[in-house]
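Colleague: Chain residues, written in single-letter form:
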Amino acid sequence: KAGVTQTPRYLIKTRGQQVTLSCSPISGHRSVSWYQQTPGQGLQFLFEYFSETQRNKGNFPGRFSGRQFSNSRSEMNVSTLELGDSALYLCASRSGGRIAEAFFGQGTRLTVV
Amino acid sequence: TQLLEQSPQFLSIQEGENLTVYCNSSSVFSSLQWYRQEPGEGPVLLVTVVTGGEVKKLKRLTFQFGDARKDSSLHITAAQPGDTGLYLCAGENDYKLSFGAGTTVTVRA
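Read top to bottom, the protein sequences are chains U and R.
Under this note's numbering, the first residue of the first sequence carries the number 1, and numbering increases by one thereafter.
Under this note's numbering, the first residue of the second sequence carries the number 1001, and numbering increases by one thereafter.
If we strip away everything but chain U, and leave its shape as in the complex, we get (with noise of 0.2 Å):
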């Protein structure tokens, strides 16, 4: 059974750009969540997206968007980039109850130079 998948795994963006980050879920679970990692502030929930639904959202700001499609599959965009959106973005894929196991997949790492 494949993993979560996150591409791509390394990224360089600009001040100013908007990036977009991919998710594939294991195959059969319907929820895929966002969170951003940094040494200072550990790991934040970003949003949490069922069957094409938002169910759950953090404290960030709209710049943060995402979606799901109706494979499941997700993508998180950030729009105008700032300096301290470098972070690694991890994306949890877990079959949809409400406790169910996360499995996390390898991250994004975004710089913002």
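I should point out that these hints are in silico values taken from the structure, not numbers from a laboratory.
By construction, the Cβ of each residue, glycine as well, lies at the ideal position given by its N, Cα and C atoms.
Mixed in with the good hints there might be a few duds.
[To be verified] Computed list of lysine-lysine pairs in PhoX-like fashion (alpha-carbon distance at most 25 Å, straight line):
1) R:1056 with U:57
2) U:57 with R:1096
3) R:1056 with R:1070
4) R:1059 with R:1096
5) R:1096 with R:1070
6) R:1057 with R:1070
[Claimed, not checked] Quick look at which bits of chain R chain U covers, simulated, 3 or more residues with Cβ under 8 Å:
7) 1035 to 1049
8) 1091 to 1099
Keeping the supplied structure of chain U fixed, place chain R upon it in accordance with the hints.
Modeller: Same frame as chain U, now just chain R:
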């Protein structure tokens, strides 16, 4: 501010010693999960505990969920260099995981 407080922040021990990592919160969680993360990689799930007072053992690792479902501990017996990594606890509510800051464990050979 982290919803979950982990302690200690760093732990360096000799191979063969035991260690315990603590995870405390003032919030009640529907479940609590423990992960281990290697540098540059995503967290890998170790265990999920759901019931207050629950104890789970996985080989040399013992996980406990507090009776009130607010705190948890991870105990490693006879630690090995392969146990080195960042250990994270995460509490779940409403499809959202809230993570502790993590405990960096180093096991010296």
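Colleague: Determine which of the earlier numbered hints do not hold for this structure and return their numbers in increasing order.
Modeller: 1 and 4
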